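Student: Letter by letter, the chains look like this.
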Amino acid sequence: MIEVKDLTKRFAEHTAVDHVSFVVNKGEILGFLGPNGAGKTTTMRILTGFLPATSGTAQVAGFDVFNDSLEVRKRIGYLPENPPLYLDMTVTDYLDFVARIKNVPAEKRRARIEDALQKTNITDKRHELIKRLSRGYKQRVGLAQALVHDPEVIILDEPTVGLDPKQIIEVRHLIKGLAGSHTIILSTHILPEVSMTCDRVVIINRGRVAAIDTPANLTTQLKGGQNVRLEVQADQNAACAAIREVPGVRRVSGEPAGGKGRVALMVEVSPGQDVRSQLAAKIVGKGWPLYELRGVNLSLEEIFLQLTTEESEHAAASSN
Amino acid sequence: MKGMYAVYRKEMGHYFVSPVAYVIVAVFLILAAYFFTQLLALYIQRAFEAGLEEGQFGGGAAFDVPSLVMRSFFGVLSTLLLFLTPMLTMGVYAEERRRGTMELLMTSPVTDVQIVLGKFLASITLLVIMLLPTAIGFAYMLHHSEPTAPWRVLGSEYLGVFLLGTALLAIGSFFSSVTESQLIAVILSFGANLLLWVLDFGSQTASSAWASALEYLSAFRHYDDFTRGVIDTSNVIFYLSFIFLGVFLTIRSVDSMRWRRA
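Residue numbers (our numbering), protein chains in the order written: chain A, 16 to 335; chain B, 4 to 265.
One chain only, chain B, in its complex shape:
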């Protein structure tokens, strides 16, 4: 426990003394803010047009701007994470291996599990730090919307993006542990993320059994329900098992460094 905390503390310190974390968080927030304002403007304009139409012809559906903005925004957010999480995790092991500091960790009285969990929790913390400021925009929007907006939906969406992000971090950590090069780590994890994204497309052409398997494996398909405000236990379990698998493989990979020629 102590060993894990020591590793966690070191990782957090590393994130915030190196410019990498600041740059990634800043890029993320600028893009997120841009999409948020654009989506908000777009749907307000649509709602305005719908209102005009309603005035002219009568009838027409009610236009729920906050829900639409949130749903589209969290769709965009998943794509941003797909690009940015590999950069958060690329150095986690690759850099330690290259610098030889992995040798220090692995000859200290901490277990491989403690090393992996400490590092993983630190990257999750950074993910949360990255996501939190986006809540400001939503809080503002929901506070001003009439009638009172669905906070529950927002909660489900944040849970979804948190689970998806954590799963992507687990993938990234694993790929960082198999190489000494940050560049290779980022390429591999980015490739894996993209594959998980496009698995969904494959399901449209494959035969039925394969289709449902591919559809099930697509990490982004499970995310859709969350953006609609639905917390389905099976989706939560999917992400949790995904994260567990990623962490497990990382632990095995760190352990295997001892057996390879260092």
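Next comes chain A alone, as it looks inside the complex:
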């Protein structure tokens, strides 16, 4: 449904998006994850036809976003970071205007507006002036605006910002409900949001794609991602030194656990390696009693930090 190839956007002083490629299948929810300023908004703006790319291509529903911009815009519902609201309109008037510029035929307009109001749960505020609504309601009006013409593709830039926890859950449910019949890209810097709503995640940092995978894969496989927790009865320093000798171990940290001379060790493992049996062999070989050995999955948060900090360390190294 959406195909992005080598997309690059350079502004005068820096490159906001650097050779980004990804594909979104029909009916899928793709999460765009990255720290602020990573290039999420710029990528979305290119997809919606608001900004032209410096190089590379992007296609939505088979239409090029630059050459067939109007065709693409017909098929896209877009909620920018700041919802584009006319504050002195009522909710219904506003949605009516959006439906008109999005080419919704006159006979369907009323039903579409009704549907968007219901889906975003703002039917009771329909006659209010938008400027009188709270931040959360404004955000929902913005969301209704992106849905009102029943677009094939929905692009949401940080859709849950400014909402209270209950509203966040509602919006996530809404977004999940839209998947299947709509193809959705949403950006966020909130990690649980991605694992809760998205089928796949693009982690983007400094304009480059750091990883693309399902949230589950990212958590368990992609980066090896398994740390190991050990509990051994031994001298802490000696145990740490012994474990460091095992190939594949990147870092060990220890702390006393419970007494009786036991220490708890957190072993950070290189990506893609499983060293649990070697660790067990090493400890048993040393004759230390082993009380616990278990793999600890990295949370998406840790992977995210790892990916984005590695990237920046790398960038810092290359610029030195």
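No lab work stands behind these hints, which were simulated from the structure alone. It is possible that part of the hints are untrue.
What the hints assert, rightly or not - Derived CB-CB ranges, DEER-like:
1) A:20 to B:200: 52 to 60 Å
2) A:20 to B:8: 32 to 40 Å
3) B:140 to A:138: 46 to 54 Å
4) B:184 to A:30: 23 to 31 Å
5) B:158 to A:67: 45 to 53 Å
6) B:29 to A:142: 21 to 29 Å
None of the values given here were measured: they were computed from a predicted structure. Yeah, the Cβ is synthetic: ideal placement off N, Cα and C, and Gly gets one too.
Position chain B against the provided structure of chain A, taking the given hints into account.
Tutor: This is chain B only, laid out in the frame that chain A set:
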């Protein structure tokens, strides 16, 4: 076409839910009514004095009060428009850019041309709404004047003020599209209007080639003929090309928002 109408409809709605349009129209009409009654009183008094003189000394020219009132009034009207049109157009793009709604328009299936024309037609409509009530005074005056007054002249004067006003709106729209600040937009377009006004003065000191060029460019010089009741095609073409240029530059400017860093 549909997209343009949607934008037009939205702009009109915006003019009439916000107090701005009401305030501008009200200020304009109060000032216009004041000038109209003052000019009428002034010329009636002059005519009366001329009549007395005629009685005493004989001879004297006929005094055409309606034509004089109309000519002076439309002169004043052009100055009022010079001040007020920048306020009509200041928010047209600047406010949309500031609020981020330009992003909605520019990612919707409407072309930049449709956006610009929809907005421009809405501001022209407001100009017409502003000008129409002034016709009441003229209708009253002409209805009561002896001999029957020159309606054709009035028509030419309204055409002139409409063309001048539309040209000033085109300038204002352009300046609104280059900034996010309504204040900067109003200052720039007011400055441009003033410049067009004073270009005429420059023509008096400049050498002949420059003088005629400056004189030609002065948007207000072309207006004079209309106030005399003369519809000269070259003046109409001047304003039409002026309007076309303004709209064209606005379209380019809206298009360029995509290329700048938003």
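Student: Each of the hints needs a verdict: does it hold here or not?
Tutor: Against the structure, the hints:
1. Separation of residue 20 of chain A from residue 200 of chain B is about 54 Å and conforms to the stated range, judged on CB atoms against 52 to 60 Å.
2. Evaluation of the 32 to 40 Å hint for residue 20 of chain A and residue 8 of chain B yields a pass: the beta carbon distance comes to about 37 Å.
3. Distance hint check for residue 140 of chain B and residue 138 of chain A: the Cβ-Cβ separation is about 50 Å, which falls inside the suggested range of 46 to 54 Å.
4. Under the hint 23 to 31 Å, the C-beta atoms of residue 184 of chain B and residue 30 of chain A, about 29 Å apart, fit the expected range.
5. Between residue 158 of chain B and residue 67 of chain A the Cβ separation comes to about 48 Å, which falls inside the hinted range of 45 to 53 Å.
6. Remark: the range hint 21 to 29 Å for residue 29 of chain B to residue 142 of chain A is upheld by a beta-carbon distance near 28 Å.
No hint from the list above goes unmet by this structure.
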